[in-house]
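Chemist: What follows is the residue order along each chain.
2 protein chains.
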Amino acid sequence: MTIPPTLETPRPSLDMGDFTRHDEAPGLVDATAGDHRIALTWADRRQAEFPLIWLRDHCPCPACRHPLTHERLHVPLEEPDEIAALHLEAGNLGLAWADGHISRFDAGWLYRRIPGQSFEDSVPARRPWAEDFRPAHIAHADFVAGAQGECAWLTALLRDGLVLLDNGPLADEEVRRLAEHIGPLRATNFGARFDVRSKPNPNNAAYTAIGLALHTDLPNWREPPDIQLLYCLENDALGGESIFTDGFAAAEVLRQTAPEAFRLLSETPIDFRFQDEEQDILWRAPILSLDDVGNVLEVRLNNWIRDSLRLPLEEMDGWYRAYRTFWRLVQAPERRFELALSPGQMVAFDNRRVLHGRHAFDPESGRRHLQGTYLDLDMCESRLRVLARKI
Amino acid sequence: MTIPPTLETPRPSLDMGDFTRHDEAPGLVDATAGDHRIALTWADRRQAEFPLIWLRDHCPCPACRHPLTHERLHVPLEEPDEIAALHLEAGNLGLAWADGHISRFDAGWLYRRIPGQSFEDSVPARRPWAEDFRPAHIAHADFVAGAQGECAWLTALLRDGLVLLDNGPLADEEVRRLAEHIGPLRATNFGARFDVRSKPNPNNAAYTAIGLALHTDLPNWREPPDIQLLYCLENDALGGESIFTDGFAAAEVLRQTAPEAFRLLSETPIDFRFQDEEQDILWRAPILSLDDVGNVLEVRLNNWIRDSLRLPLEEMDGWYRAYRTFWRLVQAPERRFELALSPGQMVAFDNRRVLHGRHAFDPESGRRHLQGTYLDLDMCESRLRVLARKI
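Chain order of the listed sequences is A and B.
For the first sequence, UniProt numbering gives the first residue as 1, with consecutive numbering after it.
For the second sequence, UniProt numbering gives the first residue as 1, with consecutive numbering after it.
Errors might be hidden in some of the hints.
For identical chains, the list gives no copy identity; a pair is met inside one copy or between any two copies.
Mimicking SDA-like on lysine to any residue, the simulated pairs with C-alpha atoms at most 25 Å apart in a straight line are [claimed, not checked]:
1) Lys390 - Asp23
2) Lys199 - Ser342
3) Lys199 - Cys61
I should point out that these hints are in silico values taken from the structure, not numbers from a laboratory.
Computed from a prediction, not measured in an experiment: that's the story for all the values here.
Please take these sequences and the hints and turn them into a complete structure.
Modeler: Written out as structure tokens, the structure is:
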């Protein structure tokens with residue numbers, strides 16, 4: 001069986017809806033069919049094997065991928081046919097299956113998918129705060145000017161969990177306009193966009209003038225909001241300086257210095273709950289959530305809405321001791337960053353990692369008004385990947 | 001030391017911001033201070049011990065709880081003082097601590113918090129579909145009439161993961177109005193409110209007329225939307241019947257009949273990804289996510305946006321075999337519910353549990369138009385708890 005020639009240069013990587021550029025990757029110089037696999041060699045002498053079932057599953061032809069949505073239509077329900085013919089065409093791979101189906105693969109697209117290879121992402125790894133950590137500052141003008149400034153802002157936010165935007169306009173709803181560069185607002189029981197200021201009938205400590213110890217927002221949700229944006233419009237009251245710390249770094253110190261407390265706080269679910277006339281939002285989770293290999297994924301620390309402790313009697317004293325130990329560690333000055341937000345300045349932070357708080361302020365001495373919203377981490381990462389295509 | 005009498009009957013349970021009614025609970029008949037604990041006896045002879053640190057942590061006085069937000073102000077950073085005096089007052093508990101602080105506890109509030117006792121929630125447990133499962137139907141008129149209908153709808157949704165609302169108006173945006181009874185819309189890259197119909201330039205298989213195999217939406221998000229609402233405005237095209245199955249029930253059958261496939265699908269993270277000009281949303285997770293004790297928490301199954309399989313070469317064949325086994329189980333007719341949505345009918349389902357799909361339709365034969373949105377499970381549970389206060 002022979003594979004008919006294509007009329008034009010195949011562009012199977014775009015047919016796969018893949019926006020990563022492959023034009024710098026080397027072409028193929030050899031392809032050999034083996035037992036349920038094909039062995040490939042690229043021009044840089046790199047070699048790899050791909051299972052036939054994998055190749056069949058990833059066929060980019062219009063019958064296997066929807067030509068408009070680029071989504072996979074083929075369902076790999078059968079063991080794949082044998083290969084009837086294979087050849088290289090301008091350095092790319094052409095395959096004819098025993099049933100007559102033809103598949104063409106871009107050499108660069110395959111090169112980036114060599115089995116066992118790790119994925120190259122524009123999203124940076126999280127970096128714990130060093131003791132002298134200071135967040136990146138991006139100018140508002142650079143953020144709105146184009147991909148470069150917004151990329152720098154997103155990279156710092158995703159890497160450090162905290163970033164500042166300076167010298168923005170004193171404009172109502174500017175926080176919403178900035179957030180909507182990235183994605184839709186994440187609405188909660190406090191609305192899609194909230195005002196942080198001292199209010200007459202507060203339903204939340206943030207809406208008073210009291211000091212707020214370091215905490216995360218909404219641990220009583222199964223999925224607390226990821227990224228919080230707080231945009232300062234007015235801040236001439238006495239006090240009210242913002243406080244931040246890296247909860248992941250604090251958790252690592254706890255793991256090193258008080259392993260039993262770390263174990264208790266990561267293995268003991270407790271309740272967080274907010275009730276008012278309209279809402280009753282309750283979730284049970286440990287203070288520290290770990291992934292399968294024990295890395296800290298999320299910190300839930302919020303003493304205001306920590307609900308009644310429901311544990312067997314004999315576990316309570318130990319849990320309180322562990323809580324107290326972590327609470328003190330979180331306050332440690334060496335991992336603490338404080339600043340008085342200036343009007344026109346916005347802070348953004350990862351609410352599941354970085355704890356935030358503020359000093360008390362005197363509402364009689366002046367005004368303090370922040371506008372806030374939440375964003376999904378998924379949207380921040382997506383936006384960074386899309387912007388990185390252009391840089 | 002004596003505890004000063006209160007001027008009025010204490011209402012410490014409301015001071016705790018607790019909306020659960022405690023007036024049916026028995027009063028206290030005895031309280032005895034022991035070693036770091038207090039032993040209590042209620043009028044029904046039930047006995048329990050509470051640690052002093054727990055009682056101090058839960059003091060409902062206005063210095064320990066914010067009188068307006070009802071949030072906890074006290075941080076349990078010190079070992080508690082000893083008890084200087086305790087007494088019962090109208091069946092409730094009064095405590096004087098050695099430092100002079102006074103705490104008063106409602107007997108019914110304590111009764112519901114006896115250590116080791118499980119929590120009574122209005123939110124029903126999930127119930128797997130039996131083979132003859134048919135979803136509950138609630139009339140639109142009952143849903144909007146008051147707490148009873150909406151409670152029935154929420155209870156069925158949270159218990160079964162699927163519920164129908166019948167005989168609603170053929171009104172644009174009715175799905176948004178119904179959703180906003182419950183909570184704010186969960187916006188995604190497809191917007192806060194989306195139209196499901198055949199479109200000229202689709203970026204998603206749902207926006208074509210092709211058949212859709214059973215799937216979950218947006219497994220490429222770290223947190224896919226919880227609850228999906230689909231409101232039918234027009235449906236006179238040939239075909240297009242909706243299909244549903246209980247993914248948790250299918251996963252349990254997999255666990256029983258093909259444990260190795262269950263293990264592979266629950267332990268092997270794979271990539272899901274959606275890319276277009278504006279978005280690049282990528283998440284790596286297993287098809288089946290389990291909790292700490294092995295219960296299925298979430299199903300991610302979406303063959304269209306399953307990304308290139310990135311696994312070590314030797315794991316690929318096994319993964320495809322497991323995928324195929326689960327795929328076939330999911331299609332099994334005995335756990336499948338099909339219906340042709342009528343105009344004015346809305347289906348709601350738990351997108352992380354119940355898989356949905358549709359038969360192909362012929363867009364030349366008539367119109368098919370659904371309006372959809374997503375809601376957070378947190379908001380559905382909260383709404384049910386609040387409505388249950390009134391019933």
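Chemist: State for each hint whether it applies.
Modeler: Do the hints match the structure? See the list:
In the homo-oligomer, the alpha carbons of Lys390 and Asp23 lie at most 25 Å apart inside one protomer (15 Å), although the nearest pairing across protomers, at 64 Å, exceeds that limit. For the homomeric pair Lys199 and Ser342, the shortest alpha-carbon distance inside one copy (21 Å) is at most 25 Å, but the shortest distance between copies (47 Å) is not. Within a single copy, Lys199 and Cys61 get their C-alpha atoms only as close as 60 Å, which misses the 25 Å cut-off; across copies the closest is 22 Å, which meets it.
Of the hints listed earlier, there is not a single one the structure fails to meet.
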